[in-house]
Each structure stands twice: as C-alpha cells, then as structure tokens.
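4 protein chains.
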Amino acid sequence: MKECIDNCLNCFRVCEEAVSRAIESSNINTEHVKLLQACATICMTSAEFMMIESNYHYDTCGLCAKICRACAKDCENGSEAWMQECYEACTKCAYSCEGMSKMGH
Amino acid sequence: MKECIDNCLNCFRVCEEAVSRAIESSNINTEHVKLLQACATICMTSAEFMMIESNYHYDTCGLCAKICRACAKDCENGSEAWMQECYEACTKCAYSCEGMSKMGH
Amino acid sequence: MKECIDNCLNCFRVCEEAVSRAIESSNINTEHVKLLQACATICMTSAEFMMIESNYHYDTCGLCAKICRACAKDCENGSEAWMQECYEACTKCAYSCEGMSKMGH
Amino acid sequence: MKECIDNCLNCFRVCEEAVSRAIESSNINTEHVKLLQACATICMTSAEFMMIESNYHYDTCGLCAKICRACAKDCENGSEAWMQECYEACTKCAYSCEGMSKMGH
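Chains Y, C, U and S supply the protein sequences, listed in that same order. Using my numbering, the letters of the first sequence map in sequence onto residues 1 to 105. Using my numbering, the letters of the second sequence map in sequence onto residues 1 to 105. Using my numbering, the letters of the third sequence map in sequence onto residues 1 to 105. Using my numbering, the letters of the fourth sequence map in sequence onto residues 1 to 105.
The following block holds chain Y by itself, in its conformation from the complex:
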C-alpha cells in the first residue's frame, strides 16, 4: 500500500504542475485542464483514504485508476515534455490503483 500512496502523491503533483503548464500554453484546451484538475484531486483523495486506512479505499482506488487512465490517454500524444511526464505518472498510478482496487473484490 505504501507504494500505491507514493504513486498517488506523485501523480497528484505531476497533474497539479501540468495544470500550470497547460494554462500557460498558447493553445489552451479547457477540457484537458479539467481532466488534469480532476485527476489531481482524485489522486490526493485516493492517497488520503489509504493513509487513514479506510475500508472505502477500494472504491477510491478504483475511481482513481479510471480517471488516471483517461488522463494518460489524453496526454499520450502530446509533444510537450510535461505531457509525457503526466502520461507516465498517470499510467503508473492507474496500474497500482487497479491492483489495490481488485483486492476489495
């Protein structure tokens, strides 16, 4: 679980910083910014549920994985360095959250 918390906190940070990069870009995509904001928020929430050892962390991890997958897909074909970094952080976070989520079934 410690590794999954690490991945969530890292993805939270990468997404928060990506929001700043996205806002500064000349060709702003508001839908993508919203997805980055949503991804940052659910990563933090998912990390917190694991930190307080709530039984509902299976649910938050499952939702975190779903949103991270969508965010990774949106970042995958971006040419900027921050998009590639975001793709990698989201993919890694999604993978570990999926693992956590499955333990609840």
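Errors might be hidden in some of the hints.
[Said to hold, decoys possible] Here are the simulated EDC-like cross-link-like pairs (lysine to aspartate or glutamate), alpha carbons at most 20 Å apart as the crow flies:
| # | chain 1 | residue 1 | chain 2 | residue 2 |
| --- | --- | --- | --- | --- |
| 1 | C | Lys2 | U | Glu85 |
| 2 | U | Lys34 | C | Glu53 |
| 3 | U | Lys66 | S | Glu53 |
| 4 | Y | Lys73 | Y | Glu88 |
| 5 | C | Lys92 | U | Asp6 |
| 6 | Y | Lys2 | S | Asp6 |
| 7 | Y | Lys92 | S | Asp6 |
| 8 | U | Lys102 | U | Glu3 |
| 9 | S | Lys34 | Y | Glu53 |
| 10 | Y | Lys34 | U | Glu24 |
| 11 | Y | Lys34 | U | Glu31 |
| 12 | C | Lys34 | S | Glu24 |
| 13 | U | Lys92 | C | Asp6 |
| 14 | U | Lys34 | Y | Glu31 |
| 15 | S | Lys34 | S | Glu80 |
| 16 | S | Lys92 | Y | Asp6 |
| 17 | C | Lys66 | Y | Glu53 |
[Claimed, not checked] Covered by chain U, per the in silico footprint, the following chain C stretches (three or more residues, Cβ under 8 Å):
| # | stretch |
| --- | --- |
| 18 | 9–16 |
| 19 | 46–54 |
[To be verified] Derived contacts from chain U toward chain Y, CB cut-off under 10 Å, selection only:
| # | residue |
| --- | --- |
| 20 | Val19 |
| 21 | Ala22 |
| 22 | Ile23 |
| 23 | Glu24 |
| 24 | Ile28 |
| 25 | Val33 |
| 26 | Lys34 |
| 27 | Gln37 |
| 28 | Gln84 |
None of these hints come from the bench; they were simulated from the model. Beta carbons: idealized from backbone N, C-alpha and C, even for Gly.
With chain Y fixed as given, assemble chains C, U and S onto it according to the hints.
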C-alpha cells in the same frame, strides 16, 4: 447542482467538526472516526468535481452518497448532539448526491 | 467563528469556480489564475484550521486576509459577472479573517 | 524548490498517518492530535503554493516552518516509533521551508 455543492460543503464541515468531537469523547470509537474522516474527504472531493464541472462528478457523487449513507447509519443511534447533526447532514448530502449520480446513467 | 468559516468556504467555492471561468475566457491572464488558485487554497486551509480549533488559526486567518485582499483588488475592475462575484466574496472573507486574526494579538 | 515540495508532501503523509496512530493509542492527547492535523494541512497547502508557483509561497512556507517546529517539539520526547518518524519529517520539512521563506525577504 448548486444545491448539491452546498450540501457537500455543509456535510464536509459537519464531519470535520464531528472528528474533533469524537476525538475529545472519553469513549473513542476509532472505526467511527475513520468513517467521519473518509466522509469529510469524499464530500470535499465531490464538491470540487462539481465546481470544476468535471464529467466524472457522476462517479464522485455516487461514491459520496454511498459513504454518507454509511456514516449516517453509524451516527443515527448516537445520543450526542453532534452525532444527530452529522446524521442529518449526511442523510441530506447522500440524497442530493444520489440524484446527481443518477443523471449520469 | 462560525460566520468566518462560512465566509471562507464561500470564498473557496467562488474562487474555484472563477478559475474555471478564467480558463475558459479567450484572454487568459495566467497571473490572475494563479492568484485565484492560491486564494481558493488558503480559504480552505483557513476554514479547516478553524474547524479543528487549532491555535494557529490566527496565522492562517491573517494570511487568508492578505491573499483575499490581493485577489479582490485584481477582480475589482473586471467587467465579467464572475469577477464581481469574486471581488465581493474575497472582500467579505478578508474582512472576517482580519477580525479573527486580530483576536490573536 | 522540488526538494522542498518533496519534504512537504512527505511530512503531510507522516502527519496524516500519525493522526491515525494517535487516535488508536490508549492515552490520547487531543491537543497533540490537533497539532498533527494542523501540520498535515499546512504542509499540503505549502506544497500546493509551490506547485502552482504562487508568489505567496514565501508566506505559506514561513507558516509551515513554524507549525512543523512546534509539531517536532511535541513529538521529540515520544517513545513510539511513529512519533520519532514524525519528529524527523517535521524537522526536515521545517528546515527546507525556512530556507524557501527567507528567499522572500
């Protein structure tokens, strides 16, 4: 949606304050404290997803309703005033989040 | 204190929604977006410190007032409705946080 | 700045987990729990201000250092392993936040 955000923010506050009351009580129930913490966190997350108008707010509202129902059930039979206040805030929040969540189906 | 928490939570919401409006506008001002984000975050933090009845709420209220004043100033001359709403919420929040902060001296 | 964000996020996590340990202990100290909660919250806020590159991060880092110092002092003489871990995380975070804060003067 504005009403649902209001209910989530109110439930967030009531749960955060309930954590303080629960910790001060002589007969602390750690499982209940965890549930209050989880409920506060998901209420804030749910409110944020609506505020940023994320498409995933159907998911966060659904999960918020689920956790609020559980928290309300745990508070229902409490004799303290803060437990009754928490029961009412959670029940109201669960009801409006269920309504929001269903719109996504 | 209840009123000050209300003002902080309201200002948090108005600023979060203002970030969305600012991002959607054709003439995005990145410095203003950053200030709106900072204001939303410190309002939530200030509310939380009062909710948990931390002795440090004098400090967080003082900083919240400072940032709200700056945000209000930046919104004051905006022509859009959300900017006027943000100006009002920030001014009200700054005023009540200043009152709270002074009690600590 | 990256290192300071890392220290804040780490201290946030250690304090959040310390809250759980403190609540489970038979001899609960409510004042210490409040301080741990406040420390976790200001660490996250401080990290966020640096992530969004707000000019006010000098203020949030300064306040974070102050609260981390107080939390470290309260944990210093604790015999439990989590208290020692918290002492170390808070001391490290305070040191780097002080460094950041001074750059603003």
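Verification of the supplied hints:
1. Note on Lys2 (chain C) and Glu85 (chain U): the hinted pairing holds, with a Cα-Cα distance of about 15 Å set against a maximum of 20 Å.
2. In summary, the hint linking Lys34 (chain U) to Glu53 (chain C) is supported, as the alpha carbons are separated by about 19 Å, within the 20 Å threshold.
3. Using a Cα cut-off of 20 Å, the hinted pair Lys66 (chain U) and Glu53 (chain S) holds, with the two alpha carbons roughly 17 Å apart.
4. A threshold of 20 Å between alpha carbons decides the hint, and for Lys73 (chain Y) with Glu88 (chain Y) the separation of about 10 Å falls inside it, so the pair holds.
5. A hinted pair counts as satisfied when its Cα atoms are at most 20 Å apart, and Lys92 (chain C) with Asp6 (chain U) qualifies at roughly 18 Å.
6. For a cut-off of 20 Å, the pair hint linking Lys2 (chain Y) to Asp6 (chain S) stands: about 16 Å separates their Cα positions.
7. Simply put, Lys92 (chain Y) and Asp6 (chain S) have alpha-carbon atoms about 18 Å apart, close enough for the 20 Å limit, and the pair holds.
8. Straight-line distance between C-alpha atoms of Lys102 (chain U) and Glu3 (chain U) comes to about 16 Å, which keeps the hinted pair within the 20 Å bound.
9. Straight-line distance between C-alpha atoms of Lys34 (chain S) and Glu53 (chain Y) comes to about 19 Å, which keeps the hinted pair within the 20 Å bound.
10. For the suggested pair Lys34 (chain Y) and Glu24 (chain U), the alpha carbons sit about 11 Å apart, so the restraint of at most 20 Å is met.
11. For the hint linking Lys34 (chain Y) to Glu31 (chain U), the alpha-carbon distance of about 18 Å falls within 20 Å, and the restraint holds.
12. A threshold of 20 Å between alpha carbons decides the hint, and for Lys34 (chain C) with Glu24 (chain S) the separation of about 11 Å falls inside it, so the pair holds.
13. Restraint check for Lys92 (chain U) and Asp6 (chain C): the C-alpha separation of about 18 Å stays at or below 20 Å, so the hint holds.
14. Restraint check: the Cα-Cα separation between Lys34 (chain U) and Glu31 (chain Y) comes to about 18 Å, which is no more than 20 Å; the hinted pair holds.
15. Taking the CA atoms of Lys34 (chain S) and Glu80 (chain S), the gap is near 18 Å; set against the 20 Å cutoff, the hint holds.
16. Note on Lys92 (chain S) and Asp6 (chain Y): the hinted pairing holds, with a Cα-Cα distance of about 18 Å set against a maximum of 20 Å.
17. A threshold of 20 Å between alpha carbons decides the hint, and for Lys66 (chain C) with Glu53 (chain Y) the separation of about 17 Å falls inside it, so the pair holds.
18. Check on the stretch 9–16 of chain C: 3 of its residues sit with their Cβ under 8 Å from a Cβ of chain U, so the three-residue criterion for coverage holds.
19. Taking a C-beta to C-beta cut-off of 8 Å, the stretch 46–54 of chain C contributes 5 residues in contact with chain U, enough for the three needed, and the coverage statement holds.
20. The interface hint given for Val19 (chain U) holds, since its Cβ lies 8 Å from the closest Cβ of chain Y, which is under the 10 Å cut-off.
21. Satisfaction of the interface hint for Ala22 (chain U) is found here, the shortest Cβ-Cβ separation to chain Y being roughly 9 Å, below the 10 Å cut-off.
22. Hint on Ile23 (chain U) holds. Least Cβ distance to chain Y is approximately 6 Å, under the 10 Å limit.
23. Nearest Cβ of chain Y to the Cβ of Glu24 (chain U): about 5 Å, under the 10 Å cut. The hint holds.
24. Residue-level restraint check for Ile28 (chain U) holds (minimum Cβ-Cβ distance to chain Y is 6 Å; threshold 10 Å).
25. Evaluation of the Val33 (chain U) hint against chain Y yields a held restraint, the C-beta minimum of about 6 Å falling below 10 Å.
26. Contact between Lys34 (chain U) and chain Y, as hinted, is supported at the beta carbon level, the nearest pair being about 8 Å apart and thus within 10 Å.
27. Of the supplied interface hints, the one on Gln37 (chain U) holds, with its beta-carbon coming within about 8 Å of a beta-carbon of chain Y, less than 10 Å.
28. At a threshold of 10 Å, the smallest CB-CB gap from Gln84 (chain U) to chain Y is about 22 Å, leaving the interface hint violated.
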